[in-house]
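Novice: Here is what each chain is made of, one letter per residue.
2 protein chains.
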Amino acid sequence: MSKSRNFFLENIPLDEAWSRFITAMEEVWAWDEMPGEEVAVDEALGRVTAKPVWAELSSPAYHASAMDGYAVRSTDTIGAMETAPKRLAIGPAGPATYVDTGDPIPAWADAVIMIEQTQHIDEPDGGESIEIHAGVAPWTAVRPMGEDMVATELVLPANHLLKPVDLGALAGCGHAFVNVRRKPRVAVIPTGTELVTVEQARRCGLKSGDIIEYNSLVLSSQVRQWGGIPTRYPVVPDDYELIKATVLEAAAEHDLVLVNAGSSAGSEDFTSSIVVELGKLLVHGVAVRPGHPVILGMIAGFNRPVIGIPGYPVSCALTGETFVEPLISHWLGLPPREQPRMQASITRKLLSPIGEDETVRVTVGRVGERAVAAPLSRGAGVITSLVRADGIVRIPRFSEGVEAGQEVTVELYRTPAEVERTLVHIGSHDLCLDLLAQYLADSGRRFTSANAGSLGGLMALKRGDAHLAGAHLLDPATGDYNVSYIQQYLPGLPVVLLTFMHRQQGLIVPPGNPKGIGGLADLTREGLRFVNRQRGAGTRVLLDYHLGKLGIAPQQILGYKREEYTHMAVAVAVQSGLADCGLGIAAAARALELDFIPLEMERYDLVIPRIHYESDLLRPLLELINGQELRRAVAELPGYDTSHMGEIAGQW
Amino acid sequence: MSKSRNFFLENIPLDEAWSRFITAMEEVWAWDEMPGEEVAVDEALGRVTAKPVWAELSSPAYHASAMDGYAVRSTDTIGAMETAPKRLAIGPAGPATYVDTGDPIPAWADAVIMIEQTQHIDEPDGGESIEIHAGVAPWTAVRPMGEDMVATELVLPANHLLKPVDLGALAGCGHAFVNVRRKPRVAVIPTGTELVTVEQARRCGLKSGDIIEYNSLVLSSQVRQWGGIPTRYPVVPDDYELIKATVLEAAAEHDLVLVNAGSSAGSEDFTSSIVVELGKLLVHGVAVRPGHPVILGMIAGFNRPVIGIPGYPVSCALTGETFVEPLISHWLGLPPREQPRMQASITRKLLSPIGEDETVRVTVGRVGERAVAAPLSRGAGVITSLVRADGIVRIPRFSEGVEAGQEVTVELYRTPAEVERTLVHIGSHDLCLDLLAQYLADSGRRFTSANAGSLGGLMALKRGDAHLAGAHLLDPATGDYNVSYIQQYLPGLPVVLLTFMHRQQGLIVPPGNPKGIGGLADLTREGLRFVNRQRGAGTRVLLDYHLGKLGIAPQQILGYKREEYTHMAVAVAVQSGLADCGLGIAAAARALELDFIPLEMERYDLVIPRIHYESDLLRPLLELINGQELRRAVAELPGYDTSHMGEIAGQW
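Going line by line, the protein sequences match chains P and L. Everything in the first sequence is counted per full-length UniProt numbering, starting at 1 for the first residue and increasing by one. Everything in the second sequence is counted per full-length UniProt numbering, starting at 1 for the first residue and increasing by one.
Among these hints, one or two may not hold up.
[Stated by the list, open to error] DEER-style ranges, computed between Cβ atoms:
hint: 1; chain 1: L; residue 1: Glu400; chain 2: P; residue 2: Ile611; range: 34 to 44 angstroms
hint: 2; chain 1: P; residue 1: Gly355; chain 2: L; residue 2: Glu338; range: 36 to 46 angstroms
hint: 3; chain 1: L; residue 1: Ser273; chain 2: P; residue 2: Arg370; range: 49 to 59 angstroms
hint: 4; chain 1: L; residue 1: Glu131; chain 2: P; residue 2: Ile611; range: 53 to 63 angstroms
hint: 5; chain 1: L; residue 1: Pro92; chain 2: P; residue 2: Gln487; range: 27 to 37 angstroms
hint: 6; chain 1: L; residue 1: Gln555; chain 2: P; residue 2: Glu82; range: 29 to 39 angstroms
hint: 7; chain 1: P; residue 1: Phe398; chain 2: L; residue 2: Glu199; range: 56 to 66 angstroms
Keep in mind that the hints were calculated from the coordinates and are not lab data. Using N, Cα and C, we set each Cβ at its ideal position, and we do this for glycine too.
Build out the structure end to end from the sequences listed, making use of the hints.
Specialist: The structure is reproduced here in structure tokens:
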């Protein structure tokens, strides 16, 4: 089968694309703010006022006592002193009458004396009085009518997002209903013959080529979060007429139509042609990455905007943030959402193409005086990069990228305070770090981890990019771990070398070990495909050490140059049949139900600069490492030995 | 009727109160995090994971093409060059097969060549080929199985607040349901015989002593906003047994019971006795202000915490923030909510009692280089002080207050970015400022206004506390407005004096003018009660000027010393019969349907330091003042003349 492109994508700068879109909407009133609708005040939380609201009643609606006490005429109290108390008879017409907090004060009164400042007297004649020891000024302890709100005064402006106290104010000045902007209705139409629902996937399993459809779930949730009402359509197969009919039906009933995906220029990318047929194609291709194949258009008959949203999950979610959120905010009369920003130093060099605005997901933490931003996967298909992101960095289209160590602005998905209590780990990855993160969360610490291999972690410590680095670097000369590497790579940096655990390294092979692999010597066997770890990984160092002992040269091994970055990626390569074996930890083999040939128990340490080791921030981590709870949890995992956990293996 | 206190309130420091509360809950497991419940992933937005979630399926579930193009064996492409292209036949078993983005690559292939980098050839034998001009490395344009998530790997930790992309990741790795913490159920019980609903108030009007009940609306909305499920009970009258029965019923069905109010120590404050009878009273009175009369307790039979919440609306809302929110967050496994903070200079001295933590509501803006925080009303009954607040300042209990100009920490209710685009007005108040605020909002500017009188405004400019000050200060010597005051009070500060409008000042009298007041000469009449404005108010200056011309001394006027701070407060005093007349603007009289005796059209200017006048921040304000839209809106209000709007009345 051969295919060709229908046409090529444009590469329109974001601001130009956005401005074309707005202009087209303005022409047909689709850029107007949403009309108002009356809702009960007790259902108006989070809604936005469509008009200014004026008080209907004053609050308080009368002159009210601010205390439990006695209403009096201030003139009657003049001259009362500790040495010469005054006595006021209690009676409904004065000169003293009891009032509770909030009670109206009688018309003849102009002040209230707190009950604690009065003495109650039973008079011989059966009457009652109070005795007071000080005079009071007029209006003491009185809340004048309208103190809070005066009828006819402005209480809330238009375009105000209603908080709990706002609702109280509305009810307090006599409003049972409030006029709020109608919620924008947004149709979310997933298209694609290859798509299955997660329910189908669970029921019937996934065939090769099946993709679980979840972009419409993300888009619908975004719409709901931003204040709109989503309609999530069932998946429409790649059929031009079916998609067209669905778009048309959706346009009739919604303020905005989102079509996902088919927004590119491939053979089954129908969205642009459909938009051309049904109305006007304004933009096809925006100079952003991820998220280039975006379509902006108008459906003619209903004058409704339509957005074709790219299919890669990260592109999809970011397109929602870029185009859908500002539209909803505008319709609701709200200012554009503003993320908190912070300056941070980027931990590694990022190349970015000239001509496209690029969005890079990062984790962020403060290491000593510096805030550091560590880039996550830039793959548009890696939704977990957004799940784990603490924020994003934008590389503008007239820039070729950023250098390692360069200052960048991070738009935070978290509060700056969360960043302050984040422990930044860069180094070798191990499943136990996930456990550690879980336990640390209970102590109010966040733990972010970037996999850079053991040596990469030491280099990160040298640059001041991380609080700690997990490492398991075997020194072939001594048989010890990490010590000589620290001496070589971190001279002059005071660090503590803390043992986390020992773990089983070995060969990961398919279930049943079909090739009958017995050890590393078998790797040179004709046709046996190995999968390796990247340079600088402790596991690769371990491999090279043992190959050296066995006298095996790298070029004797098929696949020695095929590098993966994690134990799990090695296990996946074996599971999927791309490789016959790889070196990795027992836990990764167990996780994917693969077989495992043990090679060596290796020590996995945490390398921690002393300045962080002694900091408040890391104290909970040290408590966990030295306590019993985490030790028990790690010991339960297959292939781990915790008998040396918490021991200091060296310090400099 | 005489009353006495049941007992006095304690004054327990906040941290001690909170620790007693937690300890009691820990004893009976009521401090435990909420148990999990399964919800569909598409209903889980904003919920919190109760357990870590591990991937059930890998994503992608197979090696997938990352592009539209041809799957190939990389070894087949070696040697292809621009000058020596290679030709690969198209066929299902290779060496080239078309794949769409997302398609699985065939088992024999290990790379994909983008369609744009191939040339399609129709072979003479009827077959098809592609021609390529460069070799590709293994795994080019292939997303390996598990690139995003590997089955069995951790996807989300426990206690994670679910965002839209998280839901996508959950579905993407095979989860149709997710285990989330049950939402805490919170009973909100309003008590008080004086309370009416806003619906009742609208239907039957308010009798003197009636109070519209809205605290339960605020508390319920807070609970919902923080992630709980509120049950808002109908108002329970002040009847010990009724309230007790309601609390007991609520405790059986909720995780937390809130009783509002009756939490103080007055004659009808039953809550503490009820808590004593039903369980344990832990705290009665916390050393905070507002919000002192708080009750913390446990209901014994059901082991449910109960909070008695004070009745003043500000105390009520702040008690929600102080005690209810952290409880709900803890139950949901979330860290305590963290407001963004900023340092600001407080605009006026605040005295605060030793021994109590005080919460002061403030508006915040940045004036030049300084952030300034202007305190709002400290009255616990003034809910609008919370509505208008940009944040709060806490004055700790071991402090006597803060001096004007002192640096304080503001916990912001807004983002720092909102603060940056805030125009700070301090000075004379006028209804037109509300209009101005409305129009400015459309230009992306916030406008906060503090009423300090005309002279107070000039002093604020002198201190650098405001961007602009509204002023209408008549110079008796010249008959001109503001000029001589600016020369006297702001020497050396370059300012622009911009005319906003002219407005009608006059005497505000009850409808029908029952006392037959004709002008200022009548103010000396026997028994006629006047209400004055505060010193420094332009209206007071105007009064004194005319009194001087008429030869009337202040002491000849009954009520000259009774000061109100706004035109509306003067109008309210007249409307409620506390005064027979006052001096103020026509608009205030009209608003409350009072009669008005015109005295003089006065000029109301905006005094703007040149540095702000020329700033970006104020540009939208100048555009409005010089445009037609605002002019028309002001001209429509009774008593305003806009013919000089936008004229520069002086500059220095």
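Novice: Please go over all the hints and tell whether each is borne out by the structure.
Specialist: Status of each hint after checking the structure:
1. Glu400/L x Ile611/P: 34 to 44 angstroms: 39 angstroms, holds
2. Gly355/P x Glu338/L: 36 to 46 angstroms: This hint holds: roughly 39 angstroms between Cβ atoms.
3. Ser273/L x Arg370/P: 49 to 59 angstroms: 58 angstroms, holds
4. Glu131/L x Ile611/P: 53 to 63 angstroms: Holds, since Glu131/L and Ile611/P (Cβ atoms, about 60 angstroms apart) stay within the stated range.
5. Pro92/L x Gln487/P: 27 to 37 angstroms: 58 angstroms, violated
6. Gln555/L x Glu82/P: 29 to 39 angstroms: 30 angstroms, holds
7. Phe398/P x Glu199/L: 56 to 66 angstroms: 60 angstroms, holds
Taken one by one, the earlier hints fail for this structure only at number 5.
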